[in-house]
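**Q** Protein sequences, first through last, are from chains A and B.
Okay, so the first sequence: first residue is 199 according to my numbering, each after it adds one.
Okay, so the second sequence: first residue is 199 according to my numbering, each after it adds one.
Wrong hints could be hidden among the right ones.
Each pair may be met inside one copy or between any two copies, as identical chains are not told apart.
[Said to hold, decoys possible] Heads up, simulated DSBU-like pairs for lysine-lysine below, C-alpha to C-alpha not over 30 Å straight-line:
hint: 1; residue 1: Lys-212; residue 2: Lys-541
hint: 2; residue 1: Lys-212; residue 2: Lys-508
hint: 3; residue 1: Lys-553; residue 2: Lys-273
hint: 4; residue 1: Lys-451; residue 2: Lys-273
hint: 5; residue 1: Lys-465; residue 2: Lys-391
hint: 6; residue 1: Lys-426; residue 2: Lys-451
hint: 7; residue 1: Lys-465; residue 2: Lys-387
Rather than coming from a laboratory, the hints here were simulated on the basis of the structure.
Predicted model, so just to flag it, every value in this text is computed and none were measured.
Protein chains: 2
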Amino acid sequence: MHELVKCNGIKEGKNGLGIVVCEGNVAGVFTQNRFKSPSVVVTEEHIKNGFIEGIIANSGNANAFTGRQGYENAKRMCQLLAEKLKTDVENIAVASTGVIGIQLDMEWIESRFEKVYAGLDNTEEKAMAFAKSIMTTDRFPKFAKYEEEFKIAGVCKGAGMIHPNMATMLAFVFTDARFEAVELKEMLKNAVKYSFNTISVDGDTSTNDMVLLVAKGECEVSRDRFLKGLKEVCLNLAKQIARDGEGATKLIKVTVINAKSEEEAFKGARAVVSSNLVKTAVFGCDPNWGRIIASLGYSEIEVNEELDLKLLGYKDGCKVGEVELVRNGVGLGNEGVAREVMKESDEIEFVIDLKLGNGNGYAYGCDLTYDYVRINSEYTT
Amino acid sequence: MHELVKCNGIKEGKNGLGIVVCEGNVAGVFTQNRFKSPSVVVTEEHIKNGFIEGIIANSGNANAFTGRQGYENAKRMCQLLAEKLKTDVENIAVASTGVIGIQLDMEWIESRFEKVYAGLDNTEEKAMAFAKSIMTTDRFPKFAKYEEEFKIAGVCKGAGMIHPNMATMLAFVFTDARFEAVELKEMLKNAVKYSFNTISVDGDTSTNDMVLLVAKGECEVSRDRFLKGLKEVCLNLAKQIARDGEGATKLIKVTVINAKSEEEAFKGARAVVSSNLVKTAVFGCDPNWGRIIASLGYSEIEVNEELDLKLLGYKDGCKVGEVELVRNGVGLGNEGVAREVMKESDEIEFVIDLKLGNGNGYAYGCDLTYDYVRINSEYTT
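Sequences and hints are given; from them, build the entire structure.
**A** Laid out in structure tokens, this is it:
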């Protein structure tokens, strides 16, 4: 990321402030929550002309459900950076994440702004500082990149409240490729559909989600090649978010193949990966495939009792084992082997073959653990 | 319940077997899960003619995803009771709850059947034995009754996997009133809509849910008066299920008033009460109203930023306190007081006034706790 943009950030306790200077065409995808943070509203307004010069982001406070004052504070954050860059306030995007319903501590933001701005640079260290500045309950900063003759690099934060159609998730993706804003928008929507919208941590969608894609325009590249790279970067980031779900110990992938349609395959996979009962079973290394069947059954997609179901386990990206659990609708009694594979794995994949059509889809999530409860019952205390 | 029917049951470890002898007109409401247990399929077939003479139920095994063999086993269970009652197998209903994907232990069922049947009686003790025989992770048996010149009494089991549109929940309601099966069906659907379908424990819906209503036909009563009593019994049972959600320490009620429509009010309330983030916040006695707002925002109902939100706490049915959290969209900073009320309460109600129309609705659920994770990560182990 540091090859593409200058950035910096600081984190003091729960509060963080980050800045990216990134002149280029821009596209964004935003939360579908009916209560949008004013920070989201302001950014949607500001990127309408398809161009930005910088991003300012804060963590610790979502600036959500903060009304007129929240809107003015989001504008003020943009203003701070716009003045430095000698540009219009509308060329700045703003993003926030954290607690809902409390006004931003503008005094803290303004008093730290100078220092963060002064430290802007295109080094790896500064990229890390930015990544850390937007973290909330994340356990690690999240980067991904793709390189051919053109570059794509991104950073994101996630952890809790992640769900299809976006959730307290901020992702910023940068490229040196050249595209019009309208082209970027179309490709970003496509990439988000197959990446960020396939992950689920706790089923909640946030007031603040945002994915921005900024293209500096230095490099010609075909749309097909760019889209391939963009999807790869977005999926990489999305998987990191799922793996870092609050309190998670295992990444869960659910793959549905041969459903009636691609849409049904994705919908079914999402229902399974979002099931609290499936998530707790994975935490307990319990190959309780009845819960997978039950959640698929209420997903409202067309199902087939003659399905096949298998479990694959991975550790550090390497396959640990593969166990058939159900063939043609009949349980094979392989739970003992499956349990051992689960114990050794940090990623569990369930592959469900519905034998109904050609639709394939997938979803990512994580297990539901004691730490999820701990983190979320203590959050504001 | 024992005034209305003869029953009995036994529980040995995870396995339970219960019998009710109840001649009368019958109506049922069943799971919407696409993978229905053969026990559900058989009962749906058997009550088509609107009449039954008995119910046989087992716990420990859901007889779900068990195919042709599962169907035959369910039929066999009915046959056992039909032979004793000297009636057709189609006059018996069957219900199952427990683990999915394993064939019923018919040897256990058949070997215990005689003893349970021989012990049938209309005493309180036998009603309790039946209630306990259908329990799985339930912590207490669940009864409710309503009496005027006519009687309605019911028993249910619930705990995990409870969600609107039914979930591993079995409820059996009996009355001495006289109604045709078609009238019973209509009233039962109405009562279920405002009771069992307003509760959510973990968002999963099961393969096995069933509510049966059996009317002995000894007593004339108007539909209005009967429906009032039926709703009361069903809501009472539903609330017991919500309160007994796996690992729950607090009952949560979410009331949405003045929404655009009644349907939107119920939908919004359900989204809030189902949110893992709201559920964990209640467990932590954290009046984190931002999470309530966020979950309402993704419920897809029409919302209004100028809403009012208050919290009410109850202990043993008595009000502990009432705290305004948000007025006209502005947080009032009353979290400290609210936290104290939450700590003293075993039931928390959030009342959200949307100020948009005349639609009122509610939903019941429970908090999400360490014990939920423990119970569900260890279930089959």
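**Q** Now tell me if each hint is right for this structure.
**A** Here is how each hint holds up against the structure:
In this homomeric assembly, Lys-212 and Lys-541 come within 30 Å of each other (Cα to Cα) only across copies, at 25 Å, whereas the closest approach inside a single copy is 34 Å. In this homomeric assembly, Lys-212 and Lys-508 come within 30 Å of each other (Cα to Cα) only across copies, at 27 Å, whereas the closest approach inside a single copy is 42 Å. When the C-alpha separation of Lys-553 and Lys-273 is checked against a cutoff of 30 Å, the pair qualifies only between copies, where the shortest distance is 29 Å, while the shortest distance within a copy is 53 Å. Taking the shortest Cα distances, Lys-451 and Lys-273 never come within 30 Å of each other, neither inside one copy (40 Å) nor across copies (38 Å).
When the C-alpha separation of Lys-465 and Lys-391 is checked against a cutoff of 30 Å, the pair qualifies both within a copy, at 12 Å, and between copies, at 26 Å. When the C-alpha separation of Lys-426 and Lys-451 is checked against a cutoff of 30 Å, the pair qualifies only within one copy, where the shortest distance is 21 Å, while the shortest distance between copies is 47 Å. Taking the shortest alpha-carbon separations for Lys-465 and Lys-387, both the intra-copy value of 17 Å and the inter-copy value of 28 Å come in at or below 30 Å.
Checked against the numbered hints above, the structure violates only hint 4.
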